[in-house]
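Colleague: Chains as they are written, first to last, in my numbering: chain G, 1319 to 1877; chain R, 660 to 965.
Simulated from the structure, these hints should not be mistaken for laboratory data. If you're wondering where the values come from, they're calculated on a predicted model, not measured in any experiment. Accuracy of the hints is not assured; some may be wrong.
To be verified - To spell it out: a stretch of chain R is covered by chain G in this simulated footprint if at least three of its residues, at any positions, have a beta carbon under 8 Å from a beta carbon of chain G; those stretches are:
| hint | stretch |
| --- | --- |
| 1 | 855-864 |
| 2 | 877-891 |
Unchecked claim - Which residues of chain R face chain G? A partial, calculated answer using Cβ under 8 Å:
| hint | residue |
| --- | --- |
| 3 | 700 |
| 4 | 868 |
| 5 | 871 |
| 6 | 961 |
Claimed, not checked - Cut-off 30 Å, straight-line C-alpha distance, at most; resulting in silico cross-link-like pairs (DSSO-like, lysine-lysine):
| hint | chain 1 | residue 1 | chain 2 | residue 2 |
| --- | --- | --- | --- | --- |
| 7 | G | 1525 | G | 1408 |
| 8 | G | 1346 | R | 785 |
| 9 | R | 785 | G | 1385 |
| 10 | G | 1608 | G | 1638 |
| 11 | G | 1665 | G | 1608 |
| 12 | G | 1498 | G | 1457 |
| 13 | G | 1408 | R | 785 |
Every residue gets a Cβ at the ideal spot worked out from N, C-alpha and C, and that includes glycine.
Chain by chain, the residues:
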Amino acid sequence: MSDTKSRPATVLSVRDLSIDARTPSGLKRILDGISFDLAAGETLCLAGESGSGKSVTSLAIMGLLPKASLRVASGEIRLGDTDLLRLSEKAMRQVRGGDVAMIFQEPMTSLNPVMTVGTQLMEAIREHQDAANAEDVAKHMLDAVHITDPARRMTQYPHELSGGMRQRVMIAMALSCRPKVLIADEPTTALDVTVQAQILKLMRELKQEFGTSIVMITHDMGVVAEMADRVVIMQNGKTVEQGDVMDIFHRPSVTYTRELLAAVPRLGTYAGTDEPPRISSAPIRPPFPKPVLEVSDLTVTYGGKSGWFGRGAEVPPTVKGISFRLEAGQTLGLVGESGSGKSTTGKAVLGLIPFKGTVRIDGQDIAGLSARAMQPIRRTAQMIFQDPYASLDPRMSVGAAIAEPLVIHKIGNASERRDRVAALLKRVGLTPDAAERYPHEFSGGQRQRICIARALALEPKLIIADESVAALDVSVRARVLDLMLELQEQMGLAYLFISHDMAVIEKMAHSVAVMRGGELVEMGTRRQVFEEQRNEYTRKLIGAVPIPDPEVYRRVAAG
Amino acid sequence: MLSVFLKRLIQSALILFGVAAITFVLLYALPADPARMLAGRSATAQTVANIRHELGLDQPLLVQFMHYIGGLVQGDLGRSYAQKTEVITLIAARLPATLTLMAAGILIEVVIGVTLGTLAALNRGKFIDRAVMTTAFVGVSAPQFVVALLLLYVFAATLGWFPMSGYGTLSHVVLPAATLGILGAGWYARMVRSAVVDVLNQDYVRTARAKGLSQRRIILRHVLPNAVLPIIAMIGIDIGQFMGGVVVVEAVYGWPGIGQLAWQAIQQVDIPIIMGVTLTSALAIIIGNLVADFLAPVIDPRIRSN
Chain G
1319 MSDTKSRPAT
1329 VLSVRDLSID
1339 ARTPSGLKRI
1349 LDGISFDLAA
1359 GETLCLAGES
1369 GSGKSVTSLA
1379 IMGLLPKASL
1389 RVASGEIRLG
1399 DTDLLRLSEK
1409 AMRQVRGGDV
1419 AMIFQEPMTS
1429 LNPVMTVGTQ
1439 LMEAIREHQD
1449 AANAEDVAKH
1459 MLDAVHITDP
1469 ARRMTQYPHE
1479 LSGGMRQRVM
1489 IAMALSCRPK
1499 VLIADEPTTA
1509 LDVTVQAQIL
1519 KLMRELKQEF
1529 GTSIVMITHD
1539 MGVVAEMADR
1549 VVIMQNGKTV
1559 EQGDVMDIFH
1569 RPSVTYTREL
1579 LAAVPRLGTY
1589 AGTDEPPRIS
1599 SAPIRPPFPK
1609 PVLEVSDLTV
1619 TYGGKSGWFG
1629 RGAEVPPTVK
1639 GISFRLEAGQ
1649 TLGLVGESGS
1659 GKSTTGKAVL
1669 GLIPFKGTVR
1679 IDGQDIAGLS
1689 ARAMQPIRRT
1699 AQMIFQDPYA
1709 SLDPRMSVGA
1719 AIAEPLVIHK
1729 IGNASERRDR
1739 VAALLKRVGL
1749 TPDAAERYPH
1759 EFSGGQRQRI
1769 CIARALALEP
1779 KLIIADESVA
1789 ALDVSVRARV
1799 LDLMLELQEQ
1809 MGLAYLFISH
1819 DMAVIEKMAH
1829 SVAVMRGGEL
1839 VEMGTRRQVF
1849 EEQRNEYTRK
1859 LIGAVPIPDP
1869 EVYRRVAAG
Chain R
660 MLSVFLKRLI
670 QSALILFGVA
680 AITFVLLYAL
690 PADPARMLAG
700 RSATAQTVAN
710 IRHELGLDQP
720 LLVQFMHYIG
730 GLVQGDLGRS
740 YAQKTEVITL
750 IAARLPATLT
760 LMAAGILIEV
770 VIGVTLGTLA
780 ALNRGKFIDR
790 AVMTTAFVGV
800 SAPQFVVALL
810 LLYVFAATLG
820 WFPMSGYGTL
830 SHVVLPAATL
840 GILGAGWYAR
850 MVRSAVVDVL
860 NQDYVRTARA
870 KGLSQRRIIL
880 RHVLPNAVLP
890 IIAMIGIDIG
900 QFMGGVVVVE
910 AVYGWPGIGQ
920 LAWQAIQQVD
930 IPIIMGVTLT
940 SALAIIIGNL
950 VADFLAPVID
960 PRIRSN
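Chain R extracted, bound-state conformation (with noise of 0.2 Å):
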């Protein structure tokens, strides 16, 4: 069991390491330039020079990414350009904000999907499980930035639940991480709806019909928890359509989370915290396929007993 946990520590490095290898050549690949961003308009090439030189963006690009690799292992993102400031004080004040947006959108998503995909399942075949399902196929489709903007429309303009933007309360969350979930909750409720079936044709549902329990019993302690299993994984998995999402989310709702502090860097081509917060996210992908690796045996017993 330890040495399969290190031998997941070694290979989540080495995933570290690539991504940081491919958003790096990937950035200094573009034709925007970040010292003549610093630099304004009306500066002289010298001024732009010597910017440059200052950032160390004149050096060979090897050399620039060992340094960079050099800082890393040290727990260095190095600083922003533009905020000169340390790049992990940003990112660590905006963590918790992002973290907050994630959990509550995890959690919509999979209590809608599996209430839908499991409702969906029992009646399959009637209106209900059309319905459903049409649902789940509409909001799977639907981009982001729209039901941001539905959800806006209805819920905080005309209804007036809900705040337009900002932070802090738990109302601040509700709109966001609803945007956020819903795209995940069509993906659930369609993996959901088919586990359900699938295991409503098992023989010990069977067999606990057979004990005379009640339909109520049956689905609650023998279809769901082994319809669930497959979704534990899929969760892990999730975590990277969220990082996706996050950058949307955060900037309709003027969310203060590092997805807005990755929109802002992108426009003044602030390499260091783009590397950040790419890293940032290939972390939490990373750290969130491990949980539901980890998790799954103590979930289902035969995983443990192998």
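Same shape as in the complex, but just chain G (with noise of 0.2 Å):
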């Protein structure tokens, strides 16, 4: 282990830490006995999935916890010689942005939208060091990000910036007083993938540049590959496991770190192969010569009509002229990056948005269909959603969430229903006493499945799914998607799986489409697309994919 070996000077050392949280029946631990050093000039990454405490752990670093609801029990957070948890409010201010700086996941909403780039910049450098040349140093650390033209950028606004160029400013801002360590809480969580990759790789360069020592908090395992030097995996408020990234990643001690690893969605997975992994033994249905799904000449404008103010301006179409088919039992993987119009696509073939085009739904054009109209195709085609927390009405119990369909639809009486519901709550895994309780009891992994059992109750034969798994861990979206691809081998389904995600894609697709700009860049069976790679930017997309091999990732790296 490498903690035999002589290491450079601890920076940060985190002992004994825990963590309370004030509730209402009194207080829970929710982080108990962390303990980790960061040595200079490391990388060390906390990894683990979500309540694990990681988030919880940087905030106490910064002394940013919520005094409301938090409160630290035990514990030392040394810099230096210094405690920080004995620090008065006054000196913690000193170090906070001067010796420890902080990064955070969502770069849309993490500066001020009435403050132009440069005042955030240089209020920070003024705080903590000599204030005359604080606009050189702003300049100079916009351009240190690479960020073309840091004179112009200065009087910008943030909503003036992309995401990629936000989190740029946000690492500007964080470094401008060279601390001693910096905390990066999913600092490309929010990113597109393109992005995510240019953004790693400024991190990497600044930590030698700065000579910053990094604490980086992640979920994504292929971002702990390519980033650490040392890796933390903590698991409902404790460390599990600490070591070496090659010996987490290659010889991992403990059963929690090695099925983290398994369910890593590893790109290249399921090469050679021409249809997504069975799950079940149900056989495979012959192909049928109708389409689900027909889409042709598909265009998509928003705010190109007319209104409160007359006509409004010309608006180029979010999604232009796209054409693709979509057969019962198979799934077309959409994936893009975000503004590539997959999202839009998703509304538009399911008739919420108005769009110009052909769309057959089971053989029957929806263009221009009266909301009366549709509703019975409404049956043949279901959407489910991302966010399995907002897309359930939290006042509903879970039994009445998924009957609605059936008594919108007027089909049977109560109980029936009440045994649809039971039998659709067994079929995505779930006990039928679920139908009781609320949404707020269950997980985000089982409520994404009451979202799925809603979405099965008119026994579609087309289920849109936008970004269904993007906000669930790893390990639980594994068996979110084996359990649609079960569904899918049992009962015929037809998905269009919109994702950014290529290697969930990778999983789930007979064959993709590549969208960018609103166009479709390419499109063909997963093999053509994954394995070929005919296509530059489809190329470009996959190569920005992190690598959970941090052996891999280096021999890459190195070209």
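Each of the two chains sits in its own frame; use the hints to bring them together as a complex.
Modeller: See the structure below:
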């Protein structure tokens, strides 16, 4: 183990840190005796699934725990010789942004919308160092994070910059006072994969240039493999395992670590196959001649209609004349970065937004249909959304939520519906007594199963799944994907599977369509898209996906 | 930008026309007869008929309305029945007093409201929060004449800090403006509190903390500028509220503004003045909203670039 080798001096040391949450039923321990050391020049990744306590740890280091709900029960956080937990608020302010700086997950909302980028940068600089040359330092920092034309960017407002640019500004701000420690809490999770690759590269460069040690918090084992020197695996507020990145990935000593790594989707896992992995032993249905979904020349333009003040300006279409078809029992993976028009396509296909072109669901053209005429077609096509927390009514019992489509379509009487709900719950791997309970009693993965059960209630032929597993932890995600595959095998469902995640698409899709800027840049079988990589943009997308293996990554990075 | 402004202008003219039409019909539907009021109790039927003819009140309603609108587009609000003076002259003479009162009132409500609302938000769930919210509730609920009498009793009659009534010096403004402002301050305190609570939970406030900024700077530079954005639009709507309050407050404090003018006119069924004051109020509300709309992009860069 690397701990036995001589290591550089420790910059930050967390010892036996425990944190309690104040709940109506008393204190509840959410962080239990965490210890780790950060050596100079090192990148340490805190990795784990939601609820593991990794973000709370980072907020504790920054002294930013919300006092009303959380309190430090015991432990030390040593920066050099100082215990940060014993500093006064005034002294802690010197540390914050000075010796220890932080960047956050949400670049879109982490900058003040009514203040220029320059002002926000200079504010941080003036707080901790000589104020006279703050403007020069700010420009220099923007230059360091590779933002072109720093002088002009200084006068811009956050909304004028893209997500990747904003995260660069956040990094510039954090590093402007040359902190000893940079805490990065899921810094690339909200970014597109190609932008993520750029930001990770930038962070590696700047670590060298500024001599900063990094504590990186992430749920993404691919990011861990690319960034970490050492890894701390966390679960339910405890450290499960820690060690050198190579040891963790290749010689994990704890079962949880092994399971976590096994659940990580790896691009290329399904190379050489023409269809998704089989889950059940249901016989594969012969291809049916009539497609379930036929889209031709679909164009969607937002905001082009005349408004209160007369005609709006001409807006370029979000989806530009795309065509594809989907047969029963098949999955078309629709992949692309944010703004590519993939979600818009999904909504248009269900007639949820106005469009031009032809969309045939089960042979019937839905263009221009009234809501009433559309209703029988909605039985055929259903949607599963990204956020299982927001897509269930918190005041409706799970049974009522699943039965609602049946009620709307006037199917069955009360007792028949109850039986249907019970059968549907069993089908998605939940017990029938779940019907009596409410959404908040379920985990994210269970809620997504409930959403799937609701979508299945009307026995649809087509399901549009828009980023349906993006909000789930990897281990949960793998199980929900398996469930969807199983349902497809047994019920002959067709999926339009929309995702930004190449590995998920590779697992789920029979054929793949790659979207960019509202256009289909490539469409083909999974083999053609992932293995032949004929299209340059597809190649770039695939190349940007982090490789969840530190050894392979280092080999690739070295050329 | 210019075309948006033009459209708003046309809209405003239409709104004014609508207000004029509705007020006109309502006033002429009143059972009170202005000609009889002018003629006096002992006048003969012939005298009343003569006066009615003189004022043009014997013509069909539509003709009268067209006549009024015809004058209106030329900036003519007609002549007062009782005072035999151009309405526009009467209003112009009294407008400065009312505008002073309103400006002072808005200043008081915004300053008190924003301060108390922010204090409450920063001390959420604590004593200060509850005290502020209770006070705000009382402020919102208390009728203006009660507030006016209370202020008069405490600060004029008992303490003698301010004059009972009158017009002319700064100290004359304080009590009537406070009466107007206290109601609004209650509303503002509640709105600002929820806006500040909302902004305090925003990611960029966490960023500001992570930079090591002082609490003072975080509140003044990051929280308040974002929290007051929704308040700006409120001020435009508020002017309508104020116009209603002005009539009561000016009557109580003997403030020589258009509220008092309206009050006298109502008693005398002096229809041209009532019309004139109503239209002036409508115009004030329209201008208030226009200003708020055009101020929003100045303060919020996101609206600016749309």
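Colleague: Which numbered hints does this structure break?
Modeller: Violated hint: only 3; rest satisfied.
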